[in-house]
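Novice: So the chains spell out like this:
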Amino acid sequence: MPKYALYPGCSLETGGIEYGMSSHAVAHALGIEFLEVPDWNCCGASSAHMTDHLLSLALPARVLALAETLPVTEMVAPCAACHQRFAAVEYELSRDEDLKRKVNSLLERPYTGKVKLRSYLDIFANPETLEEIRKKVKRSLKGLKVACYYGCLFVKPPKVVNFVDDPENPQAMDNIMRALGAEPLPWPYKTECCGASLGMTKEEACTKLCNDILKVAKDSGADCIVAACPLCQQNLDMRQISVEKKYGTQYRMPIPFFTQLIGLALGLDPKTLGFKKLFVDPAGVLRKVGAA
Amino acid sequence: MGEVNFSQVMEQNRLFVDKIIEESGQDIRQCYQCAKCSGGCPGSFAMDYLPNQIIRMLMLGMKEEVLKSQTIWVCMGCNTCTTRCIRDIEVAHVMDTLRQEAIKAGYAEKGRLVTIFNNVFLSTIRSYGRLFEAGLLMMNNIKTGNLFKDVQFGLPMVLKGKAKPFPHRIKGRKEIKNIFEKIKRMEGK
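Quick mapping for you: the protein sequence lines, in order, are chains A and B.
To convert, count from 1 in the first sequence and add 195; that's this note's numbering.
To convert, count from 1 in the second sequence and add 5; that's this note's numbering.
Think of the hints as simulated: they come from the structure by calculation, not from any bench.
Glycine included, each C-beta is placed from N, C-alpha and C at the ideal position.
Mixed in with the good hints there might be a few duds.
[What the hints assert, rightly or not] With a Cα cut of at most 25 Å, we get these calculated SDA-like pairs of lysine to any residue:
1. A:LYS354 x A:PRO322
2. A:LYS440 x B:ASN151
3. B:LYS154 x A:LEU481
4. B:LYS179 x A:LEU302
5. A:LYS295 x B:GLY177
6. A:LYS397 x B:ILE108
7. A:LYS441 x B:LYS179
8. A:LYS441 x B:SER49
9. A:LYS354 x B:LYS41
10. B:LYS187 x A:LEU302
[Stated by the list, open to error] Chain A residues, not near chain B, derived (Cβ > 10 Å throughout):
11. PRO197
12. ASP247
13. GLU387
14. LYS483
15. ALA486
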């Protein structure tokens, strides 16, 4: 049974609650065990790395040090933005002993690097788990056209995030969708930034970036955009109504998480998977796969 | 941008340029201005200087112009530039270092929305250990004076169980506070 330390991050219990709900339901169905990192703290997000280099390393390093108390060798962070902060700790501290010592002097429990970060997409997209998923599909997503949206931080920059996939045209989520019976579309905005980090401070720029992504997905013939990052998802889902108003269009594009679609294909109840939590009504998607 | 005397600014700001190179760990002198960073930058439309121009200005020692630019605050840290740089420069990392330097050197305007947001964000982490979204939004709106920013999302967020009315306080709050304090002492702030 694969076992991982889980760092839920601040959004999996709030803004991205459906990501958390579906992640737990799907892990249970696939026999994946998650051990939550005890007493975890916020990774500091972009506010820390815009403000202070040491702070941006110390906050996530405390979490990795706490994960080292668990009987695991790997940790996953479903939020792409958190994932990249942990990746930055691994990348920078493994190359600079002085910096590692400095960061550890700020922590109560030292970070050794013994628990490694693993991409959340990869724990589903690896060949063995994909096979397991294929075997367990009860409700094929045949006929569902999906635009897989990876966002930036799971795949960029490749040397830091340490994820073996193409940063411009990644395939991990596409492969998962294929295993579910869905049709992942080739589209050019897979890893274009949605501007979530400007949502609070430069909203007009953020709205434009969201509009570009929604428009290209619609034009590509997508029934929905599948998300892997709670910040991208919230941005495209919750702000979609503002985007439509500003640009005088109607997308009504549902933005489910990839874990919600896995759960749907495994035959789980859409309610358990948090489909009701989405802002843009996913009824069309559920009808199309016979789950409504 | 007004008139710039290149030999003068380089003479005055050589140490600054060296510092940015050292702190970011990025040898910006390797840049040969292919401008791929700017070509792929999703935020370029909202910037006053393009990312490749910032790198060039940095090489020329134009400290004031770089630290006062809008560009460093528009950069969303998506890392497309870093991913595509043919000279292996982590451009997004340089932007982080420039923001940090702008704050330290007093170039980050106190009233700038992103400065306020980052300060409020970090103060909730310092107090609770985790983000308290409702508190963050309220505090941010009060401090920026945009009292009604995003309030239309408040009720639906609560109804969907996506916003918690109270913060979660972690046990290790003291550890978190220590991290902040020790950094402050280390960096002599």
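Novice: Each of the hints needs a verdict: does it hold here or not?
Specialist: Now the hints, each set against the structure:
no.	hint	verdict
1	A:LYS354 x A:PRO322	22 Å, holds
2	A:LYS440 x B:ASN151	20 Å, holds
3	B:LYS154 x A:LEU481	33 Å, violated
4	B:LYS179 x A:LEU302	11 Å, holds
5	A:LYS295 x B:GLY177	21 Å, holds
6	A:LYS397 x B:ILE108	19 Å, holds
7	A:LYS441 x B:LYS179	45 Å, violated
8	A:LYS441 x B:SER49	21 Å, holds
9	A:LYS354 x B:LYS41	18 Å, holds
10	B:LYS187 x A:LEU302	10 Å, holds
11	PRO197	27 Å, holds
12	ASP247	6 Å, violated
13	GLU387	6 Å, violated
14	LYS483	23 Å, holds
15	ALA486	20 Å, holds
Of the numbered hints given earlier, the model fails hints 3, 7, 12 and 13; all others are met.
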